[in-house]
Amino acid sequence: MHARTDTAASWPEEIFSILQRFEVRQVPYVPDAGHSELIERVLGSSSMRGIALTTEEEGVALLAGAWAGGQRGVLLMQSSGVGNCINMLSLVQIFRLPFLTLVTMRGEWGEFNPWQVPMGSNTQGILELAGIKVLRASRPDEVREVVEAGAAQAYNACTPTAVLLSQRLIGAKVFTK
Amino acid sequence: MSKANLLDRRAVVSELLRDRKGAFAVGGLGASTYDIAAAGDHDRNFYLWGGMGGAVMIGLGLALAQPTLPVVVITGDGEMLMGMGSLATVALQQPKNLSIIVLDNEAYGETGGQTSHTGGPADLVGVAKACGIGDSRAISTMAEVEAFASSLQDVTAGPRFASAKIDGANLERVLSSRDGTYIVNRIRGSIGHTPI
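Order-wise, the sequence lines are chains H and U. For what it's worth, the working numbering labels the leading residue of the first sequence as 1, then goes sequentially. For what it's worth, the working numbering labels the leading residue of the second sequence as 178, then goes sequentially.
Don't take every hint at face value.
Unchecked claim - What follows is a list of derived Cβ distance ranges for each label pair:
#, chain 1, residue 1, chain 2, residue 2, range
1, H, E40, U, P244, 22 to 30 angstroms
2, H, R21, U, G309, 33 to 41 angstroms
3, H, E13, U, A324, 43 to 51 angstroms
4, H, A152, U, G309, 37 to 45 angstroms
5, U, R195, H, G125, 47 to 55 angstroms
6, H, G125, U, P244, 35 to 43 angstroms
7, U, T371, H, K173, 43 to 51 angstroms
8, U, D300, H, S36, 30 to 38 angstroms
9, U, A324, H, S138, 55 to 63 angstroms
10, U, D185, H, A157, 43 to 51 angstroms
11, H, E142, U, S317, 53 to 61 angstroms
12, H, S10, U, Y359, 41 to 49 angstroms
Note that these hints are calculated values from the structure, not bench results. Glycine included, each C-beta is placed from N, C-alpha and C at the ideal position.
With the rest of the complex left out, here is chain U:
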């Protein structure tokens, strides 16, 4: 499966979160959540184990609620394809602090590696751009990942979208907490909200 010149997903996510400061990180269900966990547990990690297609919208709700803090959604191509309309919704709201990056292995890795639409003609960068997210780019080098990682700290210039073609190899799962209430209440606690 592994092809030359494709990025390593763990290296990409680790770079995105290396100097995250106060950023929230939302992971789509499946491998992107494991990648975020592999980069290190954090009280502002929003791990998803379900709700396929919802990662970008969760990021939008969080970004609108906390406009001074960066929010980065890190998801896969299959999850993004299921919630493609949310790119139009994001573009309409123009949240300056929201960044979205798709780790695109052109496959449904969690279910046996079936080819996804991005392995065919679908172009998510084109979709994001056409929806109205002006800063939409394809990423193919670690230097571009680094540039994206520093740009996501700028909460005045989003929304931004990127798609990085990554190596399709299935890596060892790094399991985060699966307790949604714990995950959400921990995020709320990190910004000073007490339980009801």
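Isolated chain H, as found in the complex:
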């Protein structure tokens, strides 16, 4: 089991570059430790706007408005947040949105907290039932190509896509007293 570590984690930087290249402008998020480095990059960026949400479904609706206004976005959330989005994901099909979400996984690969497991175990199935294609990256060296493929099919082909970033990639959260 990996411990969470910030060292040698260049994949968030690679994701940031991909988002820049695809001219992503709005980045709604509910914070997750696995997304912390990317969120910091977004908040420090002049071309992207990080938008803190109170619940993940807000991000789905925000991206619908952004698309209507001519901007691309990406929703950053944790696996538990996918459950909060279910009805709002209707908008993705109804508007044929170029929807992209990057989901950091909990409830798998050495999880300590059982409360994360029910949603983490069903994240992929729920997204697929909602009509969203699911890709997954589990190793640092595959993040770039998986996120790039996800962004390309979402933005170029209006194919709604979720990229799951495995807990194996991020490292299981260590709970200490």
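Given chain H, put chain U in place with the hints provided.
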């Protein structure tokens, strides 16, 4: 159901959009979408038939993408109650061109008129203000509606929030398009975006 001194919802929306210029209008699912349709179809009308609780966030995404154009979200109390957190999200972003108005009949009109929380102690103006939307007001006269309609054209002083207590009578439905892709692509077309 009808009480004296309550505003007529169609008159309110018609006044809000009478001299809209380039404004986008986002309607919450249900009666507010019919009200916007009744005021006249427009290529910048963002009609919602679902996604309950999402109207304000759609308005925010649009407002951030098009900061020089006014965006007005016109929704109902039930829809607003479901997305109350989005008022905190809006306040954090402070979009200067976004206005939100709730047509508050204190009931879920579309499902049989069950009493909503605003018919009880919930105060949406208080919620908006407490979330950090400084310009939050209750509206009870057509003169106040007119003032709100002209203020929403000012894209330097938002966000602003208003709640208007309206007559609860169910009016004839005026049905807008229900084709989401058409609605969104028409809005995109109106600001010069071509289909993919």
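Quick rundown of the hints versus the structure:
1. Distance hint check: the CB atoms of H:E40 and U:P244 are about 24 angstroms apart, consistent with the given range 22 to 30 angstroms.
2. A beta carbon spacing of about 34 angstroms between H:R21 and U:G309 agrees with the range 33 to 41 angstroms that was offered as a hint.
3. The given range of 43 to 51 angstroms is respected by H:E13 and U:A324, whose C-beta atoms sit roughly 49 angstroms from each other.
4. Taking 37 to 45 angstroms as the suggested C-beta distance range, the pair H:A152 and U:G309 conforms, at roughly 38 angstroms.
5. Under the hint 47 to 55 angstroms, the C-beta atoms of U:R195 and H:G125, about 49 angstroms apart, fit the expected range.
6. Our hint of 35 to 43 angstroms for H:G125 and U:P244 holds, since their Cβ atoms are close to 39 angstroms apart.
7. For the pair U:T371 and H:K173, the beta carbons lie near 45 angstroms from each other, so the given range of 43 to 51 angstroms is met.
8. For the pair U:D300 and H:S36, the supplied restraint of 30 to 38 angstroms holds, since their beta-carbon distance comes to about 36 angstroms.
9. At about 57 angstroms, the CB distance of U:A324 to H:S138 agrees with the hint of 55 to 63 angstroms.
10. Distance hint for U:D185 and H:A157: a CB-CB separation of about 46 angstroms, consistent with the stated range 43 to 51 angstroms.
11. As the Cβ distance of H:E142 to U:S317 is approximately 60 angstroms, the hint placing it in 53 to 61 angstroms holds.
12. Distance hint check: the CB atoms of H:S10 and U:Y359 are about 43 angstroms apart, consistent with the given range 41 to 49 angstroms.
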